[in-house]
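Q: The listed protein sequences correspond, in order, to chains A and B. Its first residue numbered 100, the first sequence is counted upward by one per residue in my numbering. Its first residue numbered 70, the second sequence is counted upward by one per residue in my numbering.
The reader is advised that the hints may include incorrect statements.
[Unchecked claim] One-sided and incomplete, this derived list gives chain A residues near chain B with beta-carbon spacing under 10 Å:
1) F151
2) L152
3) G180
4) P467
5) A484
6) I513
7) T528
8) D537
9) R606
10) D679
[What the hints assert, rightly or not] In the DSSO-like style, the derived pairs of lysine-lysine whose C-alpha atoms are separated by at most 30 Å in a straight line are:
11) B:K253 x B:K315
12) A:K196 x A:K206
13) B:K253 x B:K272
14) A:K196 x A:K207
15) A:K497 x B:K253
16) A:K166 x A:K471
17) B:K315 x A:K618
18) B:K253 x A:K471
19) B:K117 x A:K579
20) A:K196 x A:K497
21) A:K497 x B:K133
22) A:K471 x B:K129
23) B:K272 x A:K207
24) B:K133 x B:K117
25) B:K129 x B:K117
26) A:K196 x B:K272
27) B:K272 x A:K299
28) A:K579 x A:K497
29) B:K129 x A:K497
30) B:K272 x A:K618
31) B:K272 x A:K206
32) A:K207 x A:K299
33) B:K315 x B:K195
34) A:K207 x A:K618
Treat the hints as calculated values from the structure; they're not laboratory data. In this text the structure is predicted, and so the values were computed from the model without any measurement. Using N, Cα and C, we set each Cβ at its ideal position, and we do this for glycine too.
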Amino acid sequence: MSSDKVPHASAPAAAPTPGAPTAEADAPAEAAPADAELAQHLQPIHEAPRSFLRRYVFSTDHKVIAKQFLWTGLLFLLFGGVLAMMIRWQWAYPGAKVPLIGDLVLKKSGGVINPAAYNAVFTMHGLIMIFFAVTPLLIGAFGNLTIPLMVGARDMAFPRLNMLSFWTFALAMTLIVVSFFVQLGSAAAGWTTYPPLATKVGTPGHGQTIVVAAIFFAGVATIMGALNYVVTVIRFRAPGMTYMRMPLTVWGLWLTSILNILFVPVLGAAALLLLLDRVAGTQFFIAGAASVRGGGDPILFQHLFWIFGHPEVYILILPAWGFVGDFVAFFARKPAYWYRGSVWALIAITALSAIVYGHHMFTTGMNPMLGKAFMTLTLIISMPAELLFLNWLHTIWKGSVRLPSPMLFTLGVIWVFAIGGLTGIYLATISTDLYLHDTMFVVGHFHFTMAAATFLAIFAAIYFWFPKMFGRMLNEPLGKMHFWLSLVFITLLFLGQMGVGYAGQPRRLWDPHQYELWKHLQPLNRWTSFFAFGLFVAQLPFVLNFFASLFGRVRAGHNPWRVGTLEWTVPSPPPYHNFDVIPTVVRGPHELGNPDVLRRLGRDWIGQTEALPAEAPTAPAAQAQGTT
Amino acid sequence: VTWGLPHDASLYGWRVDWLMNTTSVFVIIMFVVTAIWILWACVFHGPKHRAHYDLGNAPKAVTKALILSGLIFFVVDGNLWIHGLADIDDVFWNFARADAAPNAVRIQVNAHQWAWDARYAGPDGKFNTRDDIVTLNDIRVPVNTPVVVQLGATDVLHSFSLPNFRVKMDAVPGMITRLWFQAKETGAFEIACAQHCGVNHYKMRGRLTVLPEPAYADWAREASELGARQYDPADTGAHWGWDWEKGNR
Chain A
100 MSSDKVPHAS
110 APAAAPTPGA
120 PTAEADAPAE
130 AAPADAELAQ
140 HLQPIHEAPR
150 SFLRRYVFST
160 DHKVIAKQFL
170 WTGLLFLLFG
180 GVLAMMIRWQ
190 WAYPGAKVPL
200 IGDLVLKKSG
210 GVINPAAYNA
220 VFTMHGLIMI
230 FFAVTPLLIG
240 AFGNLTIPLM
250 VGARDMAFPR
260 LNMLSFWTFA
270 LAMTLIVVSF
280 FVQLGSAAAG
290 WTTYPPLATK
300 VGTPGHGQTI
310 VVAAIFFAGV
320 ATIMGALNYV
330 VTVIRFRAPG
340 MTYMRMPLTV
350 WGLWLTSILN
360 ILFVPVLGAA
370 ALLLLLDRVA
380 GTQFFIAGAA
390 SVRGGGDPIL
400 FQHLFWIFGH
410 PEVYILILPA
420 WGFVGDFVAF
430 FARKPAYWYR
440 GSVWALIAIT
450 ALSAIVYGHH
460 MFTTGMNPML
470 GKAFMTLTLI
480 ISMPAELLFL
490 NWLHTIWKGS
500 VRLPSPMLFT
510 LGVIWVFAIG
520 GLTGIYLATI
530 STDLYLHDTM
540 FVVGHFHFTM
550 AAATFLAIFA
560 AIYFWFPKMF
570 GRMLNEPLGK
580 MHFWLSLVFI
590 TLLFLGQMGV
600 GYAGQPRRLW
610 DPHQYELWKH
620 LQPLNRWTSF
630 FAFGLFVAQL
640 PFVLNFFASL
650 FGRVRAGHNP
660 WRVGTLEWTV
670 PSPPPYHNFD
680 VIPTVVRGPH
690 ELGNPDVLRR
700 LGRDWIGQTE
710 ALPAEAPTAP
720 AAQAQGTT
Chain B
70 VTWGLPHDAS
80 LYGWRVDWLM
90 NTTSVFVIIM
100 FVVTAIWILW
110 ACVFHGPKHR
120 AHYDLGNAPK
130 AVTKALILSG
140 LIFFVVDGNL
150 WIHGLADIDD
160 VFWNFARADA
170 APNAVRIQVN
180 AHQWAWDARY
190 AGPDGKFNTR
200 DDIVTLNDIR
210 VPVNTPVVVQ
220 LGATDVLHSF
230 SLPNFRVKMD
240 AVPGMITRLW
250 FQAKETGAFE
260 IACAQHCGVN
270 HYKMRGRLTV
280 LPEPAYADWA
290 REASELGARQ
300 YDPADTGAHW
310 GWDWEKGNR
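Please construct the entire structure, taking both the sequences and the accompanying hints into account.
A: In structure tokens, the structure reads:
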């Protein structure tokens, strides 16, 4: 890139020293010019690699890695989506031949989803969606894209580790694909992989082993990425970018990464022990007839799994909440309402998420005292969540709300999360959970929160940052069509799941209608399937839009949304080194609709690096930024 | 209004239904308010509306937000918390109280792929003896009597679910778990497996029959006699019962 015009290109090309005061937590609110000087020295500009392989394949550039996660994540979203359609087909027409793809993918059973195939389908739907679609999209793609750009860094703290994270993840994805081609098929013990069913006692095929290994490697990749995010946010914030000036997006992704570092290792341990049970003859989780001398403890696995698993649902939703917090402010042209309150609510939820996991195990015969403690803690988590929610609603209230696609999807997240969040409290309470546990009500609840909310948040983020990633605008009419169809179908689809769950229908049944209790639900299940098919087809406008815009001519400027965060001060797409000069931040991320700014600058927003003309010019280098 | 809940045949199921119904009322109100709020903002505070510059961090605004979320929390979650705790303390997890009832019926259920084995102690009150009643996928209980079930499992996890009685408990290999219920009416009901347990999980279905007390006594006597006739001391595999575990744990 054109490094000649950059003042510090000749600085020694040393890697930033850990512990160097690039951006101390207690940096003064108005960064001294010396800090800005130092930041330039500590993050010198490296020349962009020229070879194809180093540029696009084994790239250490966070923006390229973000795109790698985006492409693979979208591909696996489609994969998981097709599996979902197969589940819904089975529930709409139990035992009937699958149209279109049946002959292709279910040769052995003559195009029919038999019970064994069905178990693999729903198991892999869950695992793929959680670990290989939502995780890479929300965290891999948008974490990588936004964190360095939004905190004002040239790249991640450990670019090579970042590259290794993606390629470890690619190994995990390969294993997932391979598992479908081995004898007895892919994993079939449910996404929760409870032993003894997940040991050779219940699933003797190699598919289950390969998939557990894939989860392990996905975990390794996640930990590497999370370490990078955490260190980048702590050490690489630009001068003046205090914690309380960080965009909520960065807050969400940062807290998610902290949870990932703390709890994915626990999943790794559980996966490793399970692998040993499968291949090395140990009996950590095997008890009953297959055990020797009493064996191990199947419930131990559930503890390990949910110590990770409950934080995991927040790992997936915190980035989405971060996006929502920023986007409602950006598109209501108002500052985020009580920013600090939202930040502390996010922190409280993060902390609480670690100590509520027991509500997943209310029916395992746990000590009543333990159950009551987990019930109480789980209910408490709704308090900060309500605060966060109220802050979003207050942000759009009395705003000047614009409704381009990213904002529509953001409001969609609030809409589905309202349903998902509110229905969670039935499951937090032991007595109601004893009835609802393991029913489709649970499935509906976590699909509203973990699936619908993250799905819509992913699209909000794609519509919002696509211009920055690819330098092109997405088409608005197609985006709006995509939104309205998706919102209607996704709401009806998961309400349908909840409805049959309220009637007690258990999840994971190949054919629920052979029970007298749930025979009458066949029409509702069928309708729900139609909504699912509708949701699948509703993604067509997006696919069209995505590719047409990618190669289209509608170029995005630096700042198409007219907002003040740092990523919009650089060209779209940004150069290899992101910032010609490391910016100096002088204000928070949502300075929108300020009458003072309107009077002096004639616009309703001001960049994080911009000083108002009358303000003391603390950061001369920053003034040129952001106004383009 | 049942909102699609299955018929409640248990003495205490109303507690669950009541808590779900009251919560649903709160939830629907909150959702409707949220939806109206969003729509109102989009329609009346649109691009033509001038954004009201408000950081929301004034003491008054903060107090308002805290009071509002606190109010929702204490009313909605508080209702669930108080009644949820009372429900499990008084009824659903108070196994000791049910077990202490003089007429309590005790059943051991062993779950395995893909059926429910049930065992009653018979006249001697001891499990794993000659006079035990042993059934497959067929559990019979008397009406208006506390029924305590202790659960075990042979192979993988299962979950003993009685939707009509609003109770459910996992069956775990290597461990005894328990649940109890009391039927308030006679009839035939279904036992469902609620925990994924393999290929035929979907048809791991049992039958629970609630009989009038005299009919139950007749059946129990006959079944015990039949059990004694078929008893084979050498068939150790058939003696899967265990000593009844007293108390809550």
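Q: Each of the hints needs a verdict: does it hold here or not?
A: Outcome of the hint check:
no.	hint	result
1	F151	violated (45 Å)
2	L152	violated (44 Å)
3	G180	violated (22 Å)
4	P467	holds (5 Å)
5	A484	holds (9 Å)
6	I513	holds (7 Å)
7	T528	holds (4 Å)
8	D537	holds (4 Å)
9	R606	holds (8 Å)
10	D679	violated (32 Å)
11	B:K253 x B:K315	holds (25 Å)
12	A:K196 x A:K206	holds (11 Å)
13	B:K253 x B:K272	holds (27 Å)
14	A:K196 x A:K207	holds (12 Å)
15	A:K497 x B:K253	violated (55 Å)
16	A:K166 x A:K471	violated (45 Å)
17	B:K315 x A:K618	violated (39 Å)
18	B:K253 x A:K471	holds (28 Å)
19	B:K117 x A:K579	holds (20 Å)
20	A:K196 x A:K497	violated (54 Å)
21	A:K497 x B:K133	holds (17 Å)
22	A:K471 x B:K129	violated (35 Å)
23	B:K272 x A:K207	holds (22 Å)
24	B:K133 x B:K117	holds (28 Å)
25	B:K129 x B:K117	holds (28 Å)
26	A:K196 x B:K272	holds (20 Å)
27	B:K272 x A:K299	holds (22 Å)
28	A:K579 x A:K497	holds (23 Å)
29	B:K129 x A:K497	holds (17 Å)
30	B:K272 x A:K618	holds (13 Å)
31	B:K272 x A:K206	holds (25 Å)
32	A:K207 x A:K299	holds (23 Å)
33	B:K315 x B:K195	holds (13 Å)
34	A:K207 x A:K618	holds (29 Å)
Checked against the numbered hints listed earlier, the structure breaks hints 1, 2, 3, 10, 15, 16, 17, 20, 22; every other hint is satisfied.
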